[in-house]
Amino acid sequence: MKRALDDEADGAADMVAEQAAPAESHVIRMWMQNNHCGTIIGKGGVNIKAIREQSDCKVQVSELAPGAAERLVTTTGSIAGINKAAELMIEVLEEQAAADPAAATEGERTHTLKLILSNNQVGGIIGKAGVTIKAMRDESGAVIKVDPAQTMQNERVVSLSGTKAALVKAHMLTAEKIASMPPDDDSKASKQQRTNPPGAHGAPPGYAMQQQYAQQGYAQQGYAQQGYAQQ
Numbered sequence: 001m002k003r004a005l006d007d008e009a010d011g012a013a014d015m016v017a018e019q020a021a022p023a024e025s026h027v028i029r030m031w032m033q034n035n036h037c038g039t040i041i042g043k044g045g046v047n048i049k050a051i052r053e054q055s056d057c058k059v060q061v062s063e064l065a066p067g068a069a070e071r072l073v074t075t076t077g078s079i080a081g082i083n084k085a086a087e088l089m090i091e092v093l094e095e096q097a098a099a100d101p102a103a104a105t106e107g108e109r110t111h112t113l114k115l116i117l118s119n120n121q122v123g124g125i126i127g128k129a130g131v132t133i134k135a136m137r138d139e140s141g142a143v144i145k146v147d148p149a150q151t152m153q154n155e156r157v158v159s160l161s162g163t164k165a166a167l168v169k170a171h172m173l174t175a176e177k178i179a180s181m182p183p184d185d186d187s188k189a190s191k192q193q194r195t196n197p198p199g200a201h202g203a204p205p206g207y208a209m210q211q212q213y214a215q216q217g218y219a220q221q222g223y224a225q226q227g228y229a230q231q
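Heads up: the sequence shown at position 71 corresponds to 71 in the UniProt record's numbering, and the numbers run straight through without jumps.
Think of the hints as simulated: they come from the structure by calculation, not from any bench.
Model, not experiment: these values are computed from the prediction.
Built from N, CA and C at the ideal position, the CB exists for glycine as well.
Just so you know, not all the hints are guaranteed correct.
[As the list claims (entries may be wrong)] Pairwise CB distance ranges (calculated):
hint, residue 1, residue 2, range
1, N34, P148, 20 to 30 Å
2, P182, K43, 15 to 25 Å
3, R109, A80, 36 to 46 Å
4, E94, A179, 25 to 35 Å
5, N34, R109, 17 to 27 Å
6, S161, A98, 12 to 22 Å
7, A149, A98, 31 to 41 Å
8, A99, K49, 32 to 42 Å
9, V46, Q150, 33 to 43 Å
10, K134, K49, 37 to 47 Å
11, K43, S180, 33 to 43 Å
Required output: the full structure, derived from the provided sequences and hints.
The following block contains the structure:
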């Protein structure tokens with residue numbers, strides 16, 4: 001009887017260990033206009049809290065550097081969760097625009113997401129002779145462009161533009177492609193994307209990019225993390 005109880009206890013412990021095992025985590029970073037970041041955060045952080053809860057992701061927004069027009073948004077979680085977070089961000093932006101008479105427009109609104117990817121990831125997105133990026137454009141209906149300029153961290157900006165449906169699809173295809181690629185061990189920035197980088201209060205990766213992006217016109221000079229933008 002004791003042996004049976006021991007076996008049962010061992011089985012229960014194994015089950016708890018299996019349930020407690022962390023799920024595979026991915027990171028997607030993007031530049032976002034400051035006013036859009038304010039909308040995503042919401043009054044008292046209500047919007048970003050809802051996005052975190054509904055997507056089950058960590059969503060962080062950097063502080064606005066003096067003179068900068070964009071801020072860094074970092075989403076960490078499963079691929080499904082990251083895609084859900086992006087969809088919820090777009091929904092919040094659309095709701096805000098719909099409530100503003102000055103922003104009225106005919107037809108569906110379009111949006112742009114500016115993802116920050118390593119050169120290796122960009123190569124996977126483009127594919128041989130551009131076959132992969134063409135297929136992603138055709139399947140999503142979104143405009144997908146790769147910035148030719150790169151930083152000292154061997155990263156580039158990939159812009160996704162289109163209606164909400166097209167943008168969500170393009171973001172999903174991009175995230176799934178990145179997740180399917182082998183680890184980019186030669187890229188320090190990519191290593192940061194796959195782990196929780198060191199920094200004050202778990203600040204998102206991207207600090208080392210600030211001077212290089214400023215030279216390219218992004219004017220990003222600092223990314224100290226705001227308390228309300230931490231999960």
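Checked hints:
N34 and P148 have their C-beta atoms about 25 Å apart, which keeps the hinted 20 to 30 Å range intact. For the hinted restraint 15 to 25 Å between P182 and K43, the CB-CB distance of approximately 43 Å leaves it violated. In this structure the supplied range 36 to 46 Å is violated for R109 paired with A80, their Cβ-Cβ distance being about 25 Å. For the pair E94 and A179, the supplied restraint of 25 to 35 Å holds, since their beta-carbon distance comes to about 27 Å.
For the pair N34 and R109, the supplied restraint of 17 to 27 Å holds, since their beta-carbon distance comes to about 19 Å. For S161 and A98, the hinted distance range of 12 to 22 Å is satisfied, since their beta carbons lie about 19 Å from each other. For A149 paired with A98, a C-beta distance near 35 Å keeps the hint of 31 to 41 Å intact. About 20 Å separates the C-beta atoms of A99 and K49, a value inconsistent with the hinted range of 32 to 42 Å.
Between V46 and Q150 the C-beta distance comes to about 37 Å, which sits within the given range of 33 to 43 Å. Between K134 and K49 the C-beta distance comes to about 39 Å, which sits within the given range of 37 to 47 Å. Checked against the hint of 33 to 43 Å, the pair K43 and S180 passes, with Cβ atoms roughly 39 Å apart.
Checked against the numbered hints above, the structure violates hints 2, 3, 8; every other hint is satisfied.
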